[in-house]
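A.B. asks: Take a look at the letters that make up each chain.
Protein chains: 2
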Amino acid sequence: MQAFQDLYPEDLSHCYGCGRNNPHGHQLKSYWDDDETIALFTPKSFHTAIPGFVYGGLIASLIDCHGTGSASAAAARAFCDSSQEPPRFVTAALNIDYLAPTPMGIELELRGVIREIKPKKVVLDISLIAAGVTCAKGHMVAVKMPASMMIEA
Amino acid sequence: MQAFQDLYPEDLSHCYGCGRNNPHGHQLKSYWDDDETIALFTPKSFHTAIPGFVYGGLIASLIDCHGTGSASAAAARAFCDSSQEPPRFVTAALNIDYLAPTPMGIELELRGVIREIKPKKVVLDISLIAAGVTCAKGHMVAVKMPASMMIEA
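For the record, the sequence lines run as chains A and B. So for the first sequence, our numbering puts the first residue at 38; every next one is plus one. So for the second sequence, our numbering puts the first residue at 38; every next one is plus one.
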């Protein structure tokens, strides 16, 4: 089973959060789980907020990259046939409620629920769960990457 | 002039985004600029989204840490005398609109405007500006760090 991010084109796979071609980054991998999407990630010991807890910026990053990946997969499933490359999505709006401190030292689960799919816009909710507790809830509007973001090599 | 984050207590200065005691992290520094707050940050070459642009997770991280730092400073200015330690704030809600792709290779400016100050809650807006262009706008609700987040050493 290939991760959504592993289906991105080679020249659009350098994202620090989820690009397979970024050796410095998190290389987040997202998958279908029935009609929801899932990714797992264990923060490094230095991804600290207050000691013992994960910093909010990483939580935002994980929700963001799981969201754009899920948007790509959802749009591909809805509008593309198997010969077509999945469209690449970027974030237009990201809202996160931090509900509880996210503990360090355990694997985090990201779970996405697609709320709306149009060819150029996907709306979704993403939960970040630690040991069964939802620590953050994200709501995202993702839009198809505009052609103006393609820099010619 | 000391940065807001350099006034955090020693044992609460390990944040990956802004802690002076986290050698792996971004060590963001925020300051007053009249009644607004400002921080400057130049992303590393590997903080990529699509090649040429900064990834959204870093943008969220910078807005988040500039926001909690600004909240701490605003609450200290409003409610503390000079003998008291500034209160440490954490993020309850973070909303970001990504208005334009953020270009790599230049210094980014974060600018905070305090909208509401209570002893345990600060609301603020934060703009991320690249070469005069506002690329992202954040709205944050920061709350005083609950005692339950203090882990005894």
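Since the hints were derived computationally from the structure, they do not count as laboratory data. All of these numbers come straight from a predicted model, not from anything done at the bench. Hints are not guaranteed to be accurate.
One copy or two, it doesn't matter: identical chains are merged, so the pair holds either way.
To be verified - Within a straight-line C-alpha distance of at most 20 Å, the following computed SDA-like cross-link-like pairs (lysine to any residue) qualify:
{"no.": "1", "residue 1": "Lys81", "residue 2": "Cys172"}
{"no.": "2", "residue 1": "Lys174", "residue 2": "Ala113"}
{"no.": "3", "residue 1": "Lys158", "residue 2": "Met186"}
{"no.": "4", "residue 1": "Lys155", "residue 2": "Pro88"}
{"no.": "5", "residue 1": "Lys81", "residue 2": "Ser120"}
A.B. asks: All the hints need checking, so say for each whether the structure fits it.
C.D. replies: Hints versus structure:
no.: 1; hint: Lys81 with Cys172; verdict: within (18 Å within a copy, 29 Å between copies)
no.: 2; hint: Lys174 with Ala113; verdict: neither (24 Å within a copy, 29 Å between copies)
no.: 3; hint: Lys158 with Met186; verdict: within (16 Å within a copy, 38 Å between copies)
no.: 4; hint: Lys155 with Pro88; verdict: neither (42 Å within a copy, 25 Å between copies)
no.: 5; hint: Lys81 with Ser120; verdict: neither (38 Å within a copy, 36 Å between copies)
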